[in-house]
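J.: Each chain is listed here by its residues.
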Amino acid sequence: MEPRLIEILGSGCAKCEMLAKHAEQAAQELGLDYALTKLKDPAVWARYGVMATPALVVDGQLKLEGRVLSAEKLKELIA
Amino acid sequence: MTTDRRIAWKPQAVILLALIGVAAWWLVYRSLEPFASWFAFGLLGLSSRSPLGTAVAFFVFEAPKVLMLLAVVVFGVGIVRSFFTPERTRRLLAGRRESAGNVLAALLGVVTPFCSCSAVPLFIGFVTTGVPLGVTFSFLISAPMVNEIALVLLFGLFGWKVAALYAGTGLVIAIIAGWIIGRLKLERWVEGWVYQSGFGEAAAGADAPLTWNERTELGREAVRDIVGKVWPYVLAGIAVGAAIHGWVPQDFMASIMGKGAWWSVPLAVLIGVPMYSNAAGIIPIVQALLEKGAALGTVLAFMMSVIGLSLPETIILRKVLRPPLIAAFVGVVAAGIVVVGYVFNLVL
Numbered sequence: 001m002e003p004r005l006i007e008i009l010g011s012g013c014a015k016c017e018m019l020a021k022h023a024e025q026a027a028q029e030l031g032l033d034y035a036l037t038k039l040k041d042p043a044v045w046a047r048y049g050v051m052a053t054p055a056l057v058v059d060g061q062l063k064l065e066g067r068v069l070s071a072e073k074l075k076e077l078i079a
Numbered sequence: 001m002t003t004d005r006r007i008a009w010k011p012q013a014v015i016l017l018a019l020i021g022v023a024a025w026w027l028v029y030r031s032l033e034p035f036a037s038w039f040a041f042g043l044l045g046l047s048s049r050s051p052l053g054t055a056v057a058f059f060v061f062e063a064p065k066v067l068m069l070l071a072v073v074v075f076g077v078g079i080v081r082s083f084f085t086p087e088r089t090r091r092l093l094a095g096r097r098e099s100a101g102n103v104l105a106a107l108l109g110v111v112t113p114f115c116s117c118s119a120v121p122l123f124i125g126f127v128t129t130g131v132p133l134g135v136t137f138s139f140l141i142s143a144p145m146v147n148e149i150a151l152v153l154l155f156g157l158f159g160w161k162v163a164a165l166y167a168g169t170g171l172v173i174a175i176i177a178g179w180i181i182g183r184l185k186l187e188r189w190v191e192g193w194v195y196q197s198g199f200g201e202a203a204a205g206a207d208a209p210l211t212w213n214e215r216t217e218l219g220r221e222a223v224r225d226i227v228g229k230v231w232p233y234v235l236a237g238i239a240v241g242a243a244i245h246g247w248v249p250q251d252f253m254a255s256i257m258g259k260g261a262w263w264s265v266p267l268a269v270l271i272g273v274p275m276y277s278n279a280a281g282i283i284p285i286v287q288a289l290l291e292k293g294a295a296l297g298t299v300l301a302f303m304m305s306v307i308g309l310s311l312p313e314t315i316i317l318r319k320v321l322r323p324p325l326i327a328a329f330v331g332v333v334a335a336g337i338v339v340v341g342y343v344f345n346l347v348l
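Protein chains in written order, with the working numbering: chain B, 1 to 79; chain Y, 1 to 348.
For the record, the hints were derived by calculation from the structure and aren't laboratory data.
From the three backbone atoms N, C-alpha and C, an ideal C-beta is built for every residue, glycine too.
Some hints could be false.
[Said to hold, decoys possible] Sample of chain Y residues facing chain B (criterion: CB under 7 Å; computed from the structure):
#	residue
1	G45
2	L46
3	G76
4	S82
5	F83
6	P86
7	C117
8	S118
9	L122
10	G125
11	E214
12	G260
13	V343
[Said to hold, decoys possible] Lysine-lysine pairs mimicking BS3-like chemistry, simulated, CA-CA at most 30 Å apart:
#	chain 1	residue 1	chain 2	residue 2
14	B	K15	B	K63
15	Y	K10	B	K15
16	Y	K292	B	K15
17	Y	K259	Y	K161
18	Y	K319	Y	K229
19	B	K38	B	K63
20	B	K63	Y	K319
21	B	K15	B	K75
22	Y	K161	Y	K292
23	Y	K65	Y	K161
24	Y	K319	Y	K185
25	B	K75	Y	K229
26	B	K21	Y	K229
27	Y	K185	B	K15
28	B	K40	B	K15
29	Y	K229	Y	K259
30	Y	K292	B	K38
31	B	K38	B	K15
32	B	K21	B	K63
33	Y	K259	B	K38
34	B	K73	Y	K10
35	B	K15	B	K73
36	B	K21	Y	K319
37	B	K21	B	K38
38	B	K38	B	K73
39	B	K75	B	K38
40	B	K63	Y	K229
Same shape as in the complex, but just chain Y (with noise of 0.2 Å):
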């Protein structure tokens, strides 16, 4: 940038703002719990054993925990994302074998910048450039499954264990399903003219590597943007889960979504696909759920399925994608995720 007319920080004097910055932000929120209790049962004088006075405390201390993390996670994989743009990913994708091929694309899945609006010119740059269809499906399971906002929402109300569980098992099903989409040769099943689109035939323009000040602009960028956009989700969600942690009795949803239940987590996906929310909304209603007795395995089913297929997706993908092939991706996902309901049900 030539024109920048921002004043130019001299780098030591950034660091130090950066380090008092993190300073602050983590005294704030090792604050938050007491500052929780004293508001609810010091200030507003409610009992603690009380459902209001639970459900107020629970609500004044996950709210601003949540998304003071989330606007720290959010500016950090801002910047990790600035160095991996869709074009680098699909470099590093094009002429893969399959296996090693799906692994990769899974795990570019999670640090490449995608939104599901894009997934149709990503789709197309992927497979007319020789990335395979069953490493591009990879990719695209991945990228919505496994993304920063459910992590940290995971990491800040369940802790890093379930945050890694569900990670771990994201990938696993985008490499996996993207395996067998690729060995079940499907590739007739996308519209003839993605392939004879002359990907890139246009393109002029090279792009100059990014500086640290426009990295960091990128990262507070997302902040505005992603945080903006989810905080009323945010709020909602604990709004409902506060409601559900002060009201609804312990084990209340152990006969229905607990271990004992078999069917519940076919019918937990079921439910979850058609439904579109994104993490933001859904996890803190999850919390709740788990709290009341239902079991890990059935809610984090019921989260990947809400989250990595949602319909407006499969609609925007019919544009590049025959309706059989559409089915093989929502059908090979959909059992990858009962599969993992089902073992974490078993296991835990």
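Bound conformation, chain B alone (with noise of 0.2 Å):
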């Protein structure tokens, strides 16, 4: 199976990092196969239609869009 692919979309700010941070959590304790990258492209965040940063793909999916949720929810997003 291919592994899940997290991106967070993000210029590096701190809401960001956080977010980023917060995904890699619950994948780990989802126990999944995964792979996160952090695009900092704002051109790459127009294509998913996203107009507030920090934003969470999931499978190529927009998930969550200018917020940064606990590990506990993003457990729902991304499993």
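The task is to assemble the complex, starting from two chains supplied on their own in separate frames and drawing on the hints.
T.: Spelled out as structure tokens, the structure:
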């Protein structure tokens, strides 16, 4: 099976880093096989239709925009 | 949310609890002023005419008052904003003509969740989907300038008139400055790749409407997030304000920031633009300046330029805007703020 692709869209701001950390923790606690990348290019954000960062994309699906959630809540979006 | 493990409260219980909460909040809020006087002049035994006594009373009254107002308003605004996502605002503004579009954009700028760190993706989303450039700017100008923190602090410290004045003039500046930027036909100074970015091409998954539980959760999140972040600035600002309140002589500011000093308005804007602070840090200081004789127009101009125009935001926007457009943006808004400053000094 392909690893789950978790993408964090953000400029590297404090909130973006926090979302990446929580997503990483959620994926680990779920025991997923995953790959996490941070996308810092606004042109890429635009393709996903994102207008507020940080945003979370899982396997190409936009799951969360402009918010940081706890690892616990992110599990629902990533699982 | 299907896996919500919290107890499902009955609506009646929620309403009752909310009412009790509001009543308790109101009682505490009303007793802050007597408490502050008792604390400073009774418990500590300071003289109500000494600088230290007035400064302490000022701080003990203002700090909890402003934080309490802030928590309530940020919560309310968090709920209101759950109805206005950037996506929805974009759809409302797409294809609008100028004038009416500028007005709508400035108003939506007040209620749409916005953080200057998201100025770039928002700008791309707007201009690539048919929101005119000038209308986009009306939004980008009003969103940071007319925000709930500024309004709460102004209301809490100066009353509703000054708060309404600030909101009204902030909106007018956003509307007119955006309209002028639109008239100047500056589209060629937007970075070329922006229009080729294919906004939303890879988008998938529609948003389900939020439930009321999720909306109140967003409100609580906003309180944690915003109040958790700005309270040190509020306290620091009020402490400086308290010091000025206690020690700076009456009318000291009148000579440098009073109505008579014509150059003080442009100077206040020149100093304010490169400064970056959130409303929470600047307003308590502004209050103390006003109290010591600074003119309202000058002080409002200073505040607007600090909150509405900031160096970090222009640096962020450089990713999508070329320097002439950035210069036009800063120039038009700064000019608008100067005009507002003069008008208030003349009228009031």
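J.: A separate judgement is required for each hint: does it hold in the structure or not?
T.: Okay, the hints, checked on the actual structure:
1. A least Cβ separation of about 44 Å between G45 (chain Y) and chain B goes past the 7 Å threshold, and the interface hint is therefore violated.
2. A hinted interface residue such as L46 (chain Y) counts as satisfied when its beta carbon comes closer than 7 Å to some beta carbon of chain B; here the least separation is about 41 Å, so the hint is violated.
3. Contact between G76 (chain Y) and chain B, as hinted, is not supported at the beta carbon level, the nearest pair being about 18 Å apart and thus beyond 7 Å.
4. The interface hint given for S82 (chain Y) is broken, as the beta carbon of that residue sits about 11 Å from the closest beta carbon of chain B, more than 7 Å.
5. Interface hint status for F83 (chain Y): violated, as the beta-carbon distance to the closest one in chain B is roughly 14 Å, over 7 Å.
6. With a cut of 7 Å, the hint placing P86 (chain Y) at the interface with chain B holds, because the nearest CB-to-CB distance is about 4 Å.
7. Checking C117 (chain Y) against chain B by beta carbon gives a least distance of about 5 Å; that is within 7 Å, so the hint holds.
8. The beta carbon of S118 (chain Y) is positioned within 7 Å of a beta carbon in chain B (closest approach about 4 Å), and the interface hint is therefore held.
9. Residue-level restraint check for L122 (chain Y) holds (minimum Cβ-Cβ distance to chain B is 5 Å; threshold 7 Å).
10. Taken as an interface hint, G125 (chain Y) checks out: its beta carbon lies about 4 Å from the nearest beta carbon of chain B, inside 7 Å.
11. Annotation: interface hint on E214 (chain Y) violated; nearest CB of chain B at approximately 11 Å, more than 7 Å.
12. Taking 7 Å as the C-beta cut-off, the interface hint given for G260 (chain Y) is violated, the closest approach to chain B being about 44 Å.
13. Contact between V343 (chain Y) and chain B, as hinted, is not supported at the beta carbon level, the nearest pair being about 34 Å apart and thus beyond 7 Å.
14. Pair hint K15 (chain B) plus K63 (chain B) holds up; C-alpha atoms about 16 Å apart against a cutoff of 30 Å.
15. With a CA separation close to 35 Å, the supplied pair K10 (chain Y) and K15 (chain B) exceeds the 30 Å bound.
16. For the proposed pair K292 (chain Y) and K15 (chain B), the alpha carbon gap of about 39 Å is over 30 Å, so the pair is violated.
17. For a cut-off of 30 Å, the pair hint linking K259 (chain Y) to K161 (chain Y) stands: about 19 Å separates their Cα positions.
18. In summary, the hint linking K319 (chain Y) to K229 (chain Y) is supported, as the alpha carbons are separated by about 27 Å, within the 30 Å threshold.
19. With a C-alpha separation of about 15 Å, the suggested pair K38 (chain B) and K63 (chain B) falls inside the 30 Å cut-off, and the hint holds.
20. Between K63 (chain B) and K319 (chain Y), the direct Cα distance comes to roughly 25 Å. Compliance with the 30 Å bound is thereby established for this hinted pair.
21. Restraint check for K15 (chain B) and K75 (chain B): satisfied, since their Cα atoms lie roughly 18 Å apart, inside the 30 Å limit.
22. Among the hinted pairs, K161 (chain Y) with K292 (chain Y) is consistent with the structure: their alpha-carbon atoms are about 19 Å apart, no more than 30 Å.
23. For the hint linking K65 (chain Y) to K161 (chain Y), the alpha-carbon distance of about 18 Å falls within 30 Å, and the restraint holds.
24. Taken as a hint, the K319 (chain Y) and K185 (chain Y) pair is honoured in the structure, with Cα atoms around 19 Å apart against an allowance of 30 Å.
25. Restraint check for K75 (chain B) and K229 (chain Y): satisfied, since their Cα atoms lie roughly 26 Å apart, inside the 30 Å limit.
26. A threshold of 30 Å between alpha carbons decides the hint, and for K21 (chain B) with K229 (chain Y) the separation of about 19 Å falls inside it, so the pair holds.
27. This hinted pair does not check out: K185 (chain Y) and K15 (chain B) have alpha carbons roughly 35 Å apart, beyond 30 Å.
28. Proximity of K40 (chain B) to K15 (chain B) is assessed by CA-CA distance (about 13 Å); at most 30 Å being required, the pair is judged to hold.
29. Of the pairs offered as hints, the one joining K229 (chain Y) and K259 (chain Y) is violated, with about 35 Å between alpha carbons and a cut-off of 30 Å exceeded.
30. Annotation: proposed proximity of K292 (chain Y) to K38 (chain B) is violated, straight-line Cα distance about 51 Å (limit 30 Å).
31. Between K38 (chain B) and K15 (chain B) the CA atoms are separated by roughly 13 Å; this keeps the pair inside 30 Å, and the hint holds.
32. Proximity of K21 (chain B) to K63 (chain B) is assessed by CA-CA distance (about 16 Å); at most 30 Å being required, the pair is judged to hold.
33. Between K259 (chain Y) and K38 (chain B), the direct Cα distance comes to roughly 52 Å. Violation of the 30 Å bound is thereby established for this hinted pair.
34. Taken as a hint, the K73 (chain B) and K10 (chain Y) pair is honoured in the structure, with Cα atoms around 24 Å apart against an allowance of 30 Å.
35. Between the alpha carbons of K15 (chain B) and K73 (chain B) the distance comes to roughly 16 Å, so the proposed pair stays at or under 30 Å and holds.
36. Taken as a hint, the K21 (chain B) and K319 (chain Y) pair is honoured in the structure, with Cα atoms around 26 Å apart against an allowance of 30 Å.
37. Taken as a hint, the K21 (chain B) and K38 (chain B) pair is honoured in the structure, with Cα atoms around 11 Å apart against an allowance of 30 Å.
38. With a C-alpha separation of about 20 Å, the suggested pairing of K38 (chain B) with K73 (chain B) holds against the 30 Å cut-off.
39. A threshold of 30 Å between alpha carbons decides the hint, and for K75 (chain B) with K38 (chain B) the separation of about 18 Å falls inside it, so the pair holds.
40. Distance restraint check for K63 (chain B) and K229 (chain Y): the Cα-Cα separation of roughly 26 Å lies within the 30 Å cut-off, and the hinted pair is therefore satisfied.
Figure legend: structure checked against the earlier numbered hints; hints not met, in rising order: 1, 2, 3, 4, 5, 11, 12, 13, 15, 16, 27, 29, 30, 33.
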